[in-house]
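Q: Listed below are the residues making up each chain.
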Amino acid sequence: MSVLVNKNSRIIVQGFTGSEGTFHAGQMIEYGTNVVGGVTPGKGGQEHLGKPVFNTVEEAVKSTGADVSIIFVPPAFAADAIMEAADAGIKVIVCITEGIPTRDMIQVKNYLADRDCRLIGPNCPGVMTAGEAKVGIMPGFIFKPGRIGIVSKSGTLTYEAVDQITKAGLGQSTAIGIGGDPIIGTSTKEAVELLMNDPETDGIIMIGEIGGSMEADAARWIKENGTKPVVGFIAGETAPKGRRMGHAGAIVGGKDDTAAAKKAIMRDCGIYVVDSPAQIGKKMAEVLSTSSK
Amino acid sequence: MNIHEYQAKDILKSYGVSIQEGVVVDDNSKTEEAVKALQQKTGTDWVVVKAQIHAGGRGKGGGVKLAKSMDEAKQRVNDILGMQLITPQTGPEGKKVNKVLIAQDVYYPGNSEPKEYYMSVLLDRGLGKNVIIYTTEGGMDIEEVAEMHPEKIHKEWIDPATGLQPFQARKIAFNLGLSGQAMKEMVSFVTALYKAYENTDSSLFEINPVLKTSDDKIIAVDAKVNLDDNALYRHKNLAELRDESEEDPTEVEAKKHNLNYVKLDGNVGCMVNGAGLAMATMDIIKLSGGDPANFLDVGGTANAETVEAGFRIILQDPNVKAILINIFGGIVRCDRVAQGVVDAYKNIGDVRVPIIVRLQGTNAEEAKKIIDDSGLEVHSAILLQEAADAVKAVLS
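Chains A and B, in that order, are what the protein sequence lines are.
Read in the working numbering, the first sequence has 213 at position 213, and its numbers run on one by one without any break.
Read in the working numbering, the second sequence has 303 at position 303, and its numbers run on one by one without any break.
Same shape as in the complex, but just chain A (with noise of 0.2 Å):
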């Protein structure tokens, strides 16, 4: 099963005669991925990567029946992008891009809010579901279809979890990026919430970093309503107050969004935290044979 994206999902690709969207959607096809089409506005009727391209996503989704969108559309088009795969009835719409101004992710955030669909990202690696579907940047070699969920704000942060992973004789299920900025689609919580109700899923590893609120809101959550062990690690303990590392979202702004507070308040809550990240996979393999013996 699974969370999010499997082998059934009908992929299109939003940018998919661009550069980035060109390398990419060939690497998602190359690791077996069911990409039925694209978007580039004014190539409709073209083929590219022998996949038909469309003008609009609703053309995308009448002649493909596409339930998933990946957006790699430059950010000053990418708030479009989006509202424009929810318009046309996208489930899933996953949207790479880095840089879109938060003006328009507020805007995208409130035009999603009564559609039926989930965002995941901007600014993220996707979501890869282990043996079945890359929809995303997220390098396909590293993973090993498994029972280990994998929930990340960051990109390369993600691989390295995904290796340990694989190099400490487990496999993935789902990994879901959730991306770095201030205004995201999908929250920590809600990645956790999907993959703590995936019968396929064992145990969750949940990545965050300096800045906001979302680990603790999902740390809470899981102290209520976990049923399965989740390692987690929070990137930036060294990180100086008041300066942006990197992702627009990752700076600390007052006293609870600190790494050692976020720790803190995941430690209250069960979850079981690695103060190296060299420690996530071998801490992840350690938890699940306790917990079966």
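Do not rely on the hints blindly, as some may be mistaken.
Just a sample of chain B residues kept apart from chain A, beta carbon distances all over 12 Å, derived [as the list claims (entries may be wrong)]:
| hint | residue |
| --- | --- |
| 1 | V23 |
| 2 | K30 |
| 3 | K115 |
| 4 | R125 |
| 5 | K129 |
| 6 | E185 |
| 7 | D215 |
| 8 | M282 |
| 9 | D343 |
| 10 | S374 |
Here are the simulated lysine-lysine pairs, DSS-like style, with alpha carbons at most 25 Å apart [to be verified]:
| hint | chain 1 | residue 1 | chain 2 | residue 2 |
| --- | --- | --- | --- | --- |
| 11 | B | K392 | B | K286 |
| 12 | B | K368 | A | K282 |
| 13 | B | K263 | A | K241 |
| 14 | A | K283 | B | K286 |
| 15 | B | K155 | A | K241 |
| 16 | B | K217 | B | K68 |
Label-pair restraints from in silico Cβ distances [said to hold, decoys possible]:
| hint | chain 1 | residue 1 | chain 2 | residue 2 | range |
| --- | --- | --- | --- | --- | --- |
| 17 | A | R267 | B | E113 | 36 to 44 Å |
| 18 | A | P41 | B | G43 | 40 to 48 Å |
| 19 | A | A76 | B | D71 | 52 to 60 Å |
| 20 | B | M148 | A | T290 | 43 to 51 Å |
| 21 | A | S291 | B | D389 | 23 to 31 Å |
| 22 | B | G59 | A | P74 | 39 to 47 Å |
| 23 | A | G45 | B | I382 | 45 to 53 Å |
| 24 | A | S291 | B | L127 | 31 to 39 Å |
FYI, nobody ran anything at the bench for these hints, they're computed from the structure.
Owing to the predicted nature of the structure, the values given are computational and were not obtained by experimental measurement.
Note that CB positions come from ideal geometry on N, CA and C, so glycine has one too.
Position chain B relative to chain A; hints supplied.
A: Chain B only, in chain A's frame:
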């Protein structure tokens, strides 16, 4: 992006927000002219000399002074201009003052007592909406107010579909205890302030204090504005307000190479692809007994050029005793990065600190071989734990 008080006030004024008027000078020879112009424009007798640096708490560090005569004004400008101003936000080394704002005195006597308030507009990340935060406790540190008197802090959330409504502006004015002309002035003030915030794609407008003058005007006496970097492409005029002299020179140089660099105080430099992994690498350095000397994200396309630029930037810091390069090659091929490291090392020629290179992902084994065979004093690693152990070993 941060801007100066005088720049922020220019923006506010252009949207119809009343401000404490002022003239900015960068040389004391211009003080007399500035004071006269200001007196003519506002009728002010006294003036306030305010240091223009990108940090709060300027008054506490002696960067804001009242002057009651022309001679005093010149003396104050002389004292403040060029000083190394230390405030709670600048760190112990302080910041050099290159410009001062000569501003009108707005605390003049009149029919009523002047009263200070606090107001800011910012994003509520959890709700995905903008919020106006305000309190009657103006002129104080807002974090202190939140601690001591949380009940005195009010919040007004703005619906993205409709924007700020008149009833909300009225509510704010009444909650601040205003009536009559002052209440009307506050409604205009809030309305114009929110418009300025939204139209400039800002991420923070903080007006502390907002002042009700003795003749019932509402004005912004100070202004702290942060602009959304992601939106600067559509505000060319605002992008030009960047003052590079306020930023760390190494950070400015890094930006030119499209590197995301933040200078820190530690002894182990690092170079990483991806912001999250970069922060995690800083944490690893700490756990290994060192302190991170920087945050450096080389982005998704780590190549020989970016690696060399990153190297040069890190090596400018005399505190750096070792460098950890941590690249997780997803799309990027590790063997190419490894070759880039070797080439950069040879190009720079004079690398006197040990280098630990951890390359994982596509072609990691080949990459390790390139490093090991290079004959350079570079330690290679594949697993993150190996890199952590190597850092510990070179530091001890």
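Q: Tell me the numbers of any earlier hints that the structure contravenes, in ascending order.
A: 4, 5, 8, 17 and 18
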